[in-house]
Amino acid sequence: MTSKERISKAMQLGIPDRVPLMCQLSIGHYFQNSKLDPMDIWFESEGFAEALIELQQRYNFDGVLINLPGRPPDYKNYIKKIERSENETKVIWKNDCYTVIPSDDNPHFYQPDGSRRFPMFEEIDPEKLFYIEPWDITEIKYPYKWFFETEPRNFNDFFPSYHQNIIRAVKQIAGDKISIHSEIFSPWSQFLELLNYENALMAIMDDPGKVKAILERLTEGAIALAKLQASEKVDAILISSAFAGAGLISREHYIEFVLPYERKIIAEVKKEFDIPVYTHTCGSIGDRLDLMLETSTNGIDTLDPPPLGTVELEEAKKILTGKAFIKGNIDPVNTLLLGSSDQIKRDVEWRINVGKEKGGYILSSACSVAPKTPPQNIELLSQLVETFGMY
Amino acid sequence: MNIAIEELLQKLAISVIDGKHLEAVELTKQLLALNHTPKEILDNGLLAGMNVVGQRFRDNIIFVPQVLISARAMKFSLAILEPLLADSNIPAIGTVIMGTVKGDIHDIGKNIVSMMLRGNGFKVVDIGIDASHEKFIDAVKKENAQIVGMSALLTTTMLYMKAVIEKLKGEKLPVKIMIGGAPVSKAFADQIGADAYGKNASEAVRLAREFVDQENNN
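Protein chains in written order, with the working numbering: chain B, 1 to 391; chain A, 1001 to 1218.
What the hints contain is simulated information worked out from the structure, not anything from laboratory work. Since the model is a prediction, treat every value here as computed from it, not as a measurement. We treat Cβ as the ideally placed atom computed from N, Cα and C, and that holds for glycine. Among the clues, some could well be false.
Unchecked claim - Derived lysine to aspartate or glutamate pairs resembling DMTMM-like cross-links, with alpha carbons at most 25 angstroms apart:
1. A:Lys1102 x B:Glu83
2. A:Lys1102 x B:Glu86
3. A:Lys1020 x B:Glu123
4. A:Lys1162 x B:Glu88
5. A:Lys1075 x B:Glu122
6. A:Lys1075 x B:Asp206
7. A:Lys1123 x B:Glu198
8. A:Lys1167 x B:Glu86
9. A:Lys1186 x B:Asp287
To be verified - Among chain B residues calculated to face chain A with C-beta under 8 angstroms, some are:
10. Pro102
11. Asp104
12. Tyr197
13. Met202
14. Leu337
15. Ala370
Take these sequences, add in the hints, and give me the full structure.
Quick look at the structure:
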């Protein structure tokens, strides 16, 4: 089987030749371990595509997740100067805002005075929303404008033509052998990013009706983006819904503010495309796997085990087998970042044995591989999956 | 205490529990107008309410959104009481320096712990996000704090907690150090020499109380 066929089989809940391997790497991990400069990875569509494939090959992953949008090809025209120091690069834009690119973490965009700006809940008109891209080069604006564009775009032509450039570049480099997944942000994640977390969480208590109107709009944008990505013939679409676990919200709030919107996205994409859509939710989701299934998701990513989360793999297998594929469950902090090679071997062998039973399992770190995870720890995974993951 | 005042205090506690900040402000004003002392309004109204919030949060009856609006209600009322409390020189249970460590700009965890500590009678000095070890040390010295609380959401920044602990110990400051955040664990706390790990905000309050009790018993 090719890598692409292997992952496809697992996503269809079948039994491939061996357990597939595919981890999501943090942006900082690319910065630390790719031969490319962080500036090129962050600002260049082709740069990120190259870094994705470079580390996919190094770690023998069966697939990649494209978790950044394509970048405007003319971004350099907006730069005033670049200051480099040992641990970070600072890009100062012509409007005096600046971006700090640490050597080991996600870049952030700041106002000239060093602040970050978020709109107030009261000023939001749901009708002016469509999609919020947290990984745009500049800050999140309201009404939403891409990069340094001065006017909001028409919703019928909302996503810039360069938005899909990374998908195209990855397909060009990798061909048709590996599984290529793209990412959209769930309406709930977009909402939390738009207002900053605290204000968004208070808003659901203060004015749930308005929050739902906002989520409806953001769902439309997420559907439009997912369809664009599916048109580029990606092999699966990931709904990134990081903040929907019990660390932040109850099951009741999940039912009210997360479930119906993710269900709608999945249903709308499936109407037009025969493509798996799966869900990434961090932390404590052991109490809501049943609700996640109600979205009709094809699979669940992460499944953080204790102490990071609350998912025991045996329990998750009982609930999800035959209904949704599982991707994840290796503790990215206590095992992959801080664990010894013996600990990694024990932990991963155990997970492969539990996960592979009846198929539908992709070996992966639960949440993203941390920036400073030693590469040899990730390299171990392909040896382990070859040894213990054969069917 | 007369029945009318007792009822108002109870209503104030309920307004905090329900996160009704405008109602909490109104009730605080009414109680002051009846010449009730700020200290009793704080103890029997606001803190009584936050105590229930803490218990419900610990038991997973309520979640972060409810805690946030309760803390907002307390904050609004406290803004009225604080100048009066300052005049009466009432000591806090203890002083805690709270910060998200250098390189990390996430503040929700730190803010929730800060709110819960305040809601339990602690003085909290929030030194914000992206806080260097110098900032922690300066704040401990300036405030004569007994406790330091450090938060990190990132696996990159959690490692900086160790540097802060080493520097605090190097300065021989008599503070207890507790840490928390998504990637952090008890094992990590032990490994870097922290005094305690708080899994959530309720746990952080319990730990802070224990630290203060230990100090009082010594």
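Holds or violated: is there a CB of chain A closer than 8 angstroms to the CB of Tyr197 of chain B?
Holds, about 5 angstroms.
Regarding the pair Lys1020 of chain A and Glu123 of chain B, is the alpha-carbon distance no greater than 25 angstroms?
Holds, at about 21 angstroms.
For the hint on Leu337 of chain B, just tell me whether its beta-carbon gets within less than 8 angstroms of chain A.
holds, 6 angstroms
Per the CB criterion, is Met202 of chain B less than 8 angstroms away from chain A?
Hint holds; Met202 of chain B Cβ to chain A Cβ min 5 angstroms, cut 8 angstroms.
Restraint check for Lys1102 of chain A with Glu86 of chain B, where alpha carbons must lie at most 25 angstroms apart:
Holds. Lys1102 of chain A to Glu86 of chain B sits at ~16 angstroms (cutoff 25 angstroms).
For a C-alpha distance cap of 25 angstroms, please report whether Lys1102 of chain A and Glu83 of chain B respect it.
Holds, at about 20 angstroms.
Pairwise hint evaluation, Glu86 of chain B against Lys1167 of chain A, where the allowed Cα distance is 25 angstroms at most:
holds, 22 angstroms
Does Asp104 of chain B hold up as a contact with chain A if the rule is Cβ-Cβ below 8 angstroms?
holds, 5 angstroms
Evaluation of the interface hint that places Pro102 of chain B against chain A, nearest CB under 8 angstroms:
Result: holds, 7 angstroms to nearest chain A Cβ.
With a cut-off of 25 angstroms on the C-alpha distance, tell me whether Lys1075 of chain A and Asp206 of chain B pass.
holds, 16 angstroms
Does Asp287 of chain B lie within 25 angstroms of Lys1186 of chain A when you go C-alpha to C-alpha?
holds, 23 angstroms
Checking hints one by one. Is Ala370 of chain B an interface residue toward chain A, by the C-beta closer than 8 angstroms rule?
holds, 4 angstroms
In summary, this structure violates none of the numbered hints.
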